[in-house]
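Peer 1: For the record, the sequence lines run as chains A and B. Residue numbering for the first sequence follows our numbering, beginning at 1 and increasing consecutively. Residue numbering for the second sequence follows our numbering, beginning at 1 and increasing consecutively.
Quick caveat, the hints were computed from the structure, so don't treat them as lab data. It cannot be assumed that every hint is accurate.
As the list claims (entries may be wrong) - Cβ pair distances, simulated, as ranges: (1) 118/B - 20/A: 24 to 32 Å; (2) 57/A - 78/B: 52 to 60 Å; (3) 49/A - 84/B: 38 to 46 Å; (4) 61/A - 48/B: 19 to 27 Å; (5) 41/A - 122/B: 25 to 33 Å; (6) 61/B - 34/A: 48 to 56 Å; (7) 80/B - 20/A: 21 to 29 Å; (8) 122/B - 21/A: 57 to 65 Å; (9) 69/A - 78/B: 18 to 26 Å; (10) 85/B - 163/A: 26 to 34 Å; (11) 32/B - 41/A: 20 to 28 Å.
To be verified - Stretch-level coverage of chain B by chain A, calculated; a stretch enters the list once three of its residues show a Cβ under 8 Å from a Cβ in chain A: (12) 57-64; (13) 113-121.
Ideal Cβ placement from N, Cα and C applies to all residues, glycine included.
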Amino acid sequence: MTQAATLGWLAWLETTAAATAMRQSLWLYPIVEILHIIGFVVLVGSAAMFDLRLLGLSRQLPVTGMEHHLLPWARASVLLIVPTGALMFVAHATEFAGNPAFRLKLILLVAAALNAAAFHLRPFRRVAEWDHSACAPLAARFAAGLSLMLWTGVIACGRLLAYF
Amino acid sequence: MNGVVAMRRFAGAGLLLLAVGVSPVAAHHGWSSYDSTKELALTGTIKEAGYEHPHGHVRLEVPGKVWSVVLAPPTRMEHRGLPASKLRVGARATVVGYPHRSTEDEMRAERITIDGATVELR
C-alpha cells in the first residue's frame, strides 16, 4: 500500500461511527481506557507471575499448575484488550500511526507474542522434566526474562505515547 | 530457539522502520511540551471548536493570527461548567496558557473565559 493510500485509510478510520463516538461521547473514551487497563493488568500480571516462577521463585508450585490457572485468564484478557485498543486507535488513527512510542509498542507487542509462542513450542514441551521443585532450563528462564522486559516496554510505550 | 532469532530480526527491522518512518504529526499532550515561562493571554473569536477526547480544542482568531488552543478533556470541562454548548463557533473567548515549544501556532490553555465565566482547565 502506498503512503497516500495508507493515510487515506487511516483518515477514513477516523470518520467511522466508532471513532466519532470515541472522540465526542463524554464517557465512552474513559470507560474504554479503564477496560483496556483492566485487560492488560490481567494479561501482564499473569505473564509476570508465570515468568517469576520460571525464574525460580515459588518452586513449590508446579509449573503446569500455574500454566493451567493463568493461561485461560491471559487468553480471555485479550478479548478485552484488543477491541478497546482498537477503539482508541481509530479515534486518532493518523496521529497514533505516526507516533514513535505507538510504533515501538506494536513492535514490542509482536516480540512478546513471538517470545511466548517460542517458549510454548520449545522448552515448555518438556515441562514434565522440570515441573516440580526443579530449576527451569536456560531457554525457559531466558524467555521469562525477555517476557518481563518486553511487557514492561509495552506498558511504558503505552503510557508514553501521550507524550510524543 | 528459532522463534527468538526470528523475533530479533523482526525487532531489528522494526527499529529501522521507526528510524526511517518519521512522523509528520506529533502528539503534544504533556504540559512539558509547552513553555510555562512564556505565559500568553489571548482574546479572540472561536473559528472552530472540538469538544473531543482526549483534549478539547479551539482555533482562536486573534488580530493577525489564528491559534490552535489545546483545552482539557471534555469530562473535566463539563464538570467544571464548560459544556459543549458554550464552546461554540463565533463566541469570544480569552485563554491564558503557554506556547508549544516547537509548534508555532499552538498553545495549551491553563484557563478559558467565555461569556464572563472562567474555567480552570488543568
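Peer 1: Work down the list of hints and note, for each, if the structure agrees.
Peer 2: Taking the hints in turn, this is what the structure says about them:
no.	hint	in the structure
1	118/B - 20/A: 24 to 32 Å	30 Å, holds
2	57/A - 78/B: 52 to 60 Å	47 Å, violated
3	49/A - 84/B: 38 to 46 Å	44 Å, holds
4	61/A - 48/B: 19 to 27 Å	58 Å, violated
5	41/A - 122/B: 25 to 33 Å	28 Å, holds
6	61/B - 34/A: 48 to 56 Å	37 Å, violated
7	80/B - 20/A: 21 to 29 Å	24 Å, holds
8	122/B - 21/A: 57 to 65 Å	27 Å, violated
9	69/A - 78/B: 18 to 26 Å	43 Å, violated
10	85/B - 163/A: 26 to 34 Å	32 Å, holds
11	32/B - 41/A: 20 to 28 Å	27 Å, holds
12	57-64	violated (count 0)
13	113-121	violated (count 0)
Going down the numbered hints, you'll see the structure goes against 2, 4, 6, 8, 9, 12 and 13, while the others check out.
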